[in-house]
Every structure is written in structure tokens, then in C-alpha cells.
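Same order as they appear, the protein sequences are chains A and B. Plus 63 on top of the position in the first sequence (first one is 1) and you've got this note's numbering. Plus 812 on top of the position in the second sequence (first one is 1) and you've got this note's numbering.
Keep in mind that the hints were calculated from the coordinates and are not lab data. Just so it is clear, the structure is predicted and the values come from calculations on it, not from any experiment.
In the DSBU-like style, the derived pairs of lysine-lysine whose C-alpha atoms are separated by at most 35 angstroms in a straight line are:
hint: 1; chain 1: B; residue 1: Lys816; chain 2: A; residue 2: Lys483
hint: 2; chain 1: A; residue 1: Lys309; chain 2: B; residue 2: Lys907
hint: 3; chain 1: B; residue 1: Lys910; chain 2: A; residue 2: Lys167
Simulated DEER-style distance windows between Cβ atoms:
hint: 4; chain 1: B; residue 1: Ala823; chain 2: A; residue 2: Asp107; range: 47 to 53 angstroms
hint: 5; chain 1: A; residue 1: Arg112; chain 2: B; residue 2: Ala823; range: 41 to 47 angstroms
hint: 6; chain 1: B; residue 1: Glu827; chain 2: A; residue 2: Lys361; range: 56 to 62 angstroms
hint: 7; chain 1: B; residue 1: Ala853; chain 2: A; residue 2: Ala129; range: 56 to 62 angstroms
hint: 8; chain 1: A; residue 1: Asp358; chain 2: B; residue 2: Ser888; range: 51 to 57 angstroms
hint: 9; chain 1: A; residue 1: Gln407; chain 2: B; residue 2: Ala904; range: 21 to 27 angstroms
hint: 10; chain 1: B; residue 1: Pro865; chain 2: A; residue 2: Lys137; range: 53 to 59 angstroms
hint: 11; chain 1: B; residue 1: Glu913; chain 2: A; residue 2: Pro308; range: 41 to 47 angstroms
hint: 12; chain 1: A; residue 1: Lys355; chain 2: B; residue 2: Val884; range: 54 to 60 angstroms
hint: 13; chain 1: A; residue 1: Gly342; chain 2: B; residue 2: Ala836; range: 35 to 41 angstroms
hint: 14; chain 1: B; residue 1: Ala904; chain 2: A; residue 2: Tyr444; range: 37 to 43 angstroms
hint: 15; chain 1: B; residue 1: Ala823; chain 2: A; residue 2: Asp358; range: 54 to 60 angstroms
Stretch by stretch, here's where chain A covers chain B in the computed footprint (C-beta under 8 angstroms, at least three residues):
hint: 16; segment: 817-824
hint: 17; segment: 861-870
For glycine and all other residues, C-beta sits at the position ideal for the given N, C-alpha and C.
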Amino acid sequence: MSSEAKVAESYVEKPKTLAELGEDIATGRTKATDLAASYFDRIDRVNPRLNVYLSLTKERALAQAASVDAAAAKGDPLGPLAGIPVGIKDVLVMQGAPATAGSKVLQGYRPPYDATSVSRLEAAGAVLLGKINCDEFAMGSSNENSAYGPVRNPVDTERVPGGSSGGSAAAVAANMAVATLGSDTGGSIRQPASFCGVVGVLPTYGRVSRYGLIAYASSLDRVGPFAANVRDAATLLGVIAGFDPKDATSSPAPVPDFAAESDKPAEGLRIGVPAEYFGEGLDPEVRAAIEKGIDQLKAAGCSVKPVSLPHTRYAIPTYYLVATAEASANLARFDGVRYGPRSQDSGTLSDMYRHSRDEGFGAEVKRRIMLGTYALSAGYYDAYYLKAQQVRRLLAEEFLRAFAEVDAIVTPTSPVPAFKLGEKTGDPLAMYLADIYTVTASLAGICGVTVPCGETRAGLPVGMQVLATHLNEATAFRVARAVEAAQN
Amino acid sequence: MTTKVTVEDVARVAELAHMELTPAETAGMLHDLNAILDYAAQLNELDTTGVVPLAQVSELGDASASVPRPDVVLPSLDRDVVMAQAPETDQAFFKVPKVIER
Chain A
64 MSSEAKVAES YVEKPKTLAE LGEDIATGRT KATDLAASYF DRIDRVNPRL
114 NVYLSLTKER ALAQAASVDA AAAKGDPLGP LAGIPVGIKD VLVMQGAPAT
164 AGSKVLQGYR PPYDATSVSR LEAAGAVLLG KINCDEFAMG SSNENSAYGP
214 VRNPVDTERV PGGSSGGSAA AVAANMAVAT LGSDTGGSIR QPASFCGVVG
264 VLPTYGRVSR YGLIAYASSL DRVGPFAANV RDAATLLGVI AGFDPKDATS
314 SPAPVPDFAA ESDKPAEGLR IGVPAEYFGE GLDPEVRAAI EKGIDQLKAA
364 GCSVKPVSLP HTRYAIPTYY LVATAEASAN LARFDGVRYG PRSQDSGTLS
414 DMYRHSRDEG FGAEVKRRIM LGTYALSAGY YDAYYLKAQQ VRRLLAEEFL
464 RAFAEVDAIV TPTSPVPAFK LGEKTGDPLA MYLADIYTVT ASLAGICGVT
514 VPCGETRAGL PVGMQVLATH LNEATAFRVA RAVEAAQN
Chain B
813 MTTKVTVEDV ARVAELAHME LTPAETAGML HDLNAILDYA AQLNELDTTG
863 VVPLAQVSEL GDASASVPRP DVVLPSLDRD VVMAQAPETD QAFFKVPKVI
913 ER
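Please put together the full structure from these sequences, using the hints given.
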């Protein structure tokens with residue numbers, strides 16, 4: 064590590080593993096209530112600098128921790144996440160707790176119900192610490208679009224944590240939670256996980272219920288976990304995955320024991336490497352780290368071969384047309400009628416709609432609503448929205464062809480490591496291009512895991528993205544475990 | 813797809829989206845929309861004749877096809893609980909400014 068890294072202000076601290084903490088709590092060596100209190104202490108200390116948590120749910124957390132302690136004392140069976148402190152991205156609702164989606168338009172809203180992923184975590188024993196900062200309505204790649212200020216990267220506080228789930232990634236990197244939930248529409252779990260040096264999971268579309276997720280782009284939105292290691296991320300996914308009658312897009316497919324699957328060696332797996340992800344714009348240090356990771360997979364007994372994904376270069380425009388069109392429809396509901404503040408300066412109904420929205424939405428949200436409304440408007444629908452949906456099929460089909468030949472595809476998660484705060488805020492298109500390696504899997508509905516894979520000379524984390532076909536998260540976890548094992 | 817977005821387009825689209833942009837926001841939006849749509853114009857390089865649009869991906873994975881639920885009424889959130897979150901209600905309905913002038 065160079066001297067530059069040592070100068071940077073760092074808040075990195077690795078949480079204990081689920082296995083270690085589970086043992087501590089089951090034997091009574093650590094009380095869940097004490098563990099929760101120690102996390103709230105750490106949050107009090109470092110949150111003023113990192114701006115990760117927007118609100119804390121202390122009462123609920125301590126009540127849950129107390130019931131875990133009572134169960135442990137009686138020797139009752141404990142859930143797979145008993146007493147584990149977990150943070151929730153503030154686009155998922157928790158009953159009675161603020162749900163801002165990083166926006167002023169929902170200020171004061173207290174949702175009357177829990178998201179399915181949230182209630183499943185709690186049923187497994189997790190202690191929910193609070194709601195975590197993110198880009199407004201999950202629209203952004205740097206967390207600088209939050210109405211409540213940017214999150215700082217725990218590795219280097221002058222840099223962004225990535226986005227939109229930047230807070231969820233930073234929380235795990237800085238040990239402000241053992242694990243967190245985020246959402247990923249075009250890369251919003253994978254890119255921040257790679258920027259902060261943690262593991263992030265994009266589950267298959269439909270694998271995890273979106274009931275209680277504040278919608279951005281419904282044909283793309285997914286809920287997924289962050290953790291400090293691959294096995295713990297697999298455990299989290301196992302808890303939140305599975306059919307939910309409250310989400311019409313939820314998959315009825317059976318859920319494997321992902322943690323046990325991740326224990327299987329990667330030996331014999333066929334790994335595809337797409338040249339399209341190693342071209343112009345890829346930082347040379349990121350490239351070197353990923354190439355080293357690929358060599359490590361070979362050493363672990365994987366076979367590596369090139370695969371071709373020629374439509375990759377069309378993924379960014381396709382994504383931004385599809386996602387913004389859906390966003391313009393989803394965000395129509397924020398109009399000052401049912402929740403959030405209403406503009407007081409309104410004589411007529413349409414003035415009230417307009418002023419409530421003008422005052423509530425930030426610049427990037429307005430930009431995406433405008434782009435999406437334009438792409439859907441009469442005279443432009445065929446040229447933009449329909450065209451993008453056609454290209455989306457081409458992108459999805461070429462992934463399916465590639466997965467007929469390989470078990471997993473590996474790429475860099477992001478073309479660059481974490482950039483500086485303010486570096487890209489003046490140029491929306493440059494910010495969109497940061498998503499170039501992640502939007503493809505989003506459009507195709509396939510799954511993936513990003514795993515730390517070395518770092519730059521300045522000490523910035525590099526993430527390898529491991530993609531697998533629909534419902535094949537188990538394979539992505541196995542490959543990610545092999546990469547992870549080779550780093551130590 | 814290379815049509816330039818004009819100030820009038822921005823105003824029309826803002827109206828469709830129930831937003832009202834300031835002159836400064838309009839200028840920025842004009843620049844950004846044109847830059848993004850110019851970039852998106854590269855999709856025109858692809859011949860997509862006969863390609864069926866992909867509206868949602870559940871059809872792609874065998875086991876992920878979504879199943880319609882039975883058409884039966886199930887309990888839902890209590891009205892009082894939901895109305896409590898609204899800026900203005902009369903307990904039964906959401907109240908809004910007058911819609912029809914007479």
C-alpha cells in the first residue's frame with residue numbers, strides 16, 4: 064500500500080462473521096442487547112462524519128435483541144440471524160419508522176407496514192438498527208443525490224461510496240452493521256459494494272419480494288444484501304428470498320441453502336470472460352486486479368474461456384430509456400395527496416400537484432422523470448421506449464447464449480475505483496457511464512455477486528462481478544468464494 | 813431519433829409530468845436531455861426489425877414465471893392507519909383543492 068493510502072482518513076473496520084457472532088450469542092458469551100448497544104455507540108461516533116444512517120430504530124432493535132437474549136438463555140432454538148445487527152436502505156419501509164427514499168417529497172412519512180424482506184430478516188432473529196442513506200429514489204451512482212447529504216466512503220472520506228445504495232455498502236465497510244439490505248436497479252448494490260470493499264448480491268429478478276420497496280423502475284428493481292464476506296451474504300439472501308403472494312413478480316422457485324452451496328469448491332466450473340468488459344475506459348489498475356483474480360480462479364480449478372456479448376455497448380442507453388420511462392410512471396404517485404408534504408402555495412388541484420412535486424424532488428429525479436416522460440410521449444414512444452425494449456431482448460438473449468457454454472461470467476464491477484466527491488456531479492451522462500458493467504445484468508434479469516478482488520496502489524478496493532443465469536445464485540456464490548479465498 | 817429537444821418540448825413534457833421548471837432548470841434540462849438523447853441515438857445502429865420488445869424478464873428463466881393469484885378479497889391495511897399519513901383528509905376521503913370552478 065502506498066503512502067497516499069495512509070494519509071487518507073479511514074473508517075474501515077471488519078465486522079465479525081455470522082458464524083462467530085452466532086456462537087457468541089448462542090453460548091451467552093455476548094448478549095444481543097449488548098451487541099446492539101455497541102453498534103449504536105459506534106454509529107454515534109462515526110455517523111457524523113460518514114452520514115450513513117438517516118434514522119435509528121433503537122426501541123425496535125432493543126426489544127428484538129432482548130427477545131433473542133431470552134430465547135438464548137432458555138436454550139430455545141435461534142434463527143439464522145439471531146441478534147445480528149442489520150441496517151436497512153431507506154427505500155424499504157419499516158412500520159412507524161421514517162421512510163424518506165433520500166427525498167424531501169416523503170418527509171414526515173411513517174409507513175404503516177413492513178417490507179417483506181424486512182419482516183423476514185426480523186423473523187430470522189435480526190436486530191434492525193435503522194434506515195440508511197441513499198441516492199434520492201435510488202437514482203444515482205455516487206450517493207450525492209440524497210436530499211440529506213452525501214455518504215462518505217469509509218476507505219477514503221474524500222471519495223464517494225458509490226450509489227445508489229452507498230450507505231448500505233459504507234455501513235458494512237465501517238462496521239456500522241454486520242450486514243445491510245440495499246436495492247439494485249442498474250448497479251445500485253454491486254457498484255457501491257465494489258467501491259467500499261464489501262460483498263453485494265444482485266439476486267435474480269423475482270427472487271426477493273419487492274413488497275414494501277419504494278419503486279423506481281419495476282421491471283428492473285431488486286432487493287439484495289450486503290455483507291463483509293460471501294458466505295454471510297449468501298445466508299442473508301437465503302433468509303429474504305422466496306415466493307411472496309404480496310409481490311406479483313415474485314418467483315415460486317424453491318430457494319436453495321445458499322450458504323451451504325457457497326461452501327462447494329469452484330473446481331470444474333466453466334468461467335466466461337467477455338472482451339467487451341475489458342475495453343476502452345477500463346482503469347488499468349482495475350484491469351490488472353481482475354486479471355489476477357481470473358488467474359486465481361484458474362488456480363482454483365476453473366476453466367476460463369472467452370465469451371462474446373457484442374451488444375454490451377448499447378446497454379447504457381437501453382437502460383436509461385427503460386428505467387426512466389418506468390420511473391416517470393412510478394413517481395407520479397408523489398403529488399401531495401396521500402403522503403409527504405403538500406405545497407401550501409396552491410390555489411387549484413393542478414397547482415398543488417405541480418408545486419408539491421417541484422418542492423419535493425431533487426435535480427436528478429426531475430431529470431429522469433423528464434427523460435422518461437419524453438421517451439413515452441406521443442411521437443417518441445416507438446423511437447425510444449419500444450426501441451430500447453427491443454434492444455433489451457437482444458441483450459438478454461446473448462447472455463442466455465453465453466450461459467449455454469459457461470457456468471459464470473466474470474467482469475470488473477466498475478470501470479474505475481471510487482471517485483472523488485464532486486468529480487462527476489456536473490455531467491449527468493458521465494455519471495451514467497459509471498454503470499456500464501452493471502446495467503447489462505439488470506436488463507437481462509440474471510443474478511450476480513460482487514466480491515472484493517484486490518485494490519489499487521492508492522488502496523482503493525476493486526470488485527469482481529460474478530454473473531450467473533436466472534436463479535443460479537448458488538454458482539455465483541461458489542465462484543465468489545474462490546476469489547475471496549485467494550485474496551487472503 | 814436525432815430530433816433536437818426544444819424549449820417548447822421541455823415545457824410540454826414538464827406539463828405532462830406535473831412539474832413546473834424554473835428558467836434555470838429549463839436551460840439545464842434542455843442541455844442534459846439533448847446530451848443524453850444524442851448518446852441514446854446509437855441504438856439506431858441496430859436493426860431491430862421483427863424483434864419482440866422485452867417488457868419484463870420473468871418469461872426468460874424457466875422457473876421464474878410469475879403466477880397470477882386467485883381473484884379473492886383479502887384483508888388490507890386499515891383505512892384510518894393509511895389516512896393518518898395524508899396531508900389533509902376528512903377521515904373517509906383525501907381532501908384536495910377545489911377541482912371545478914363554478
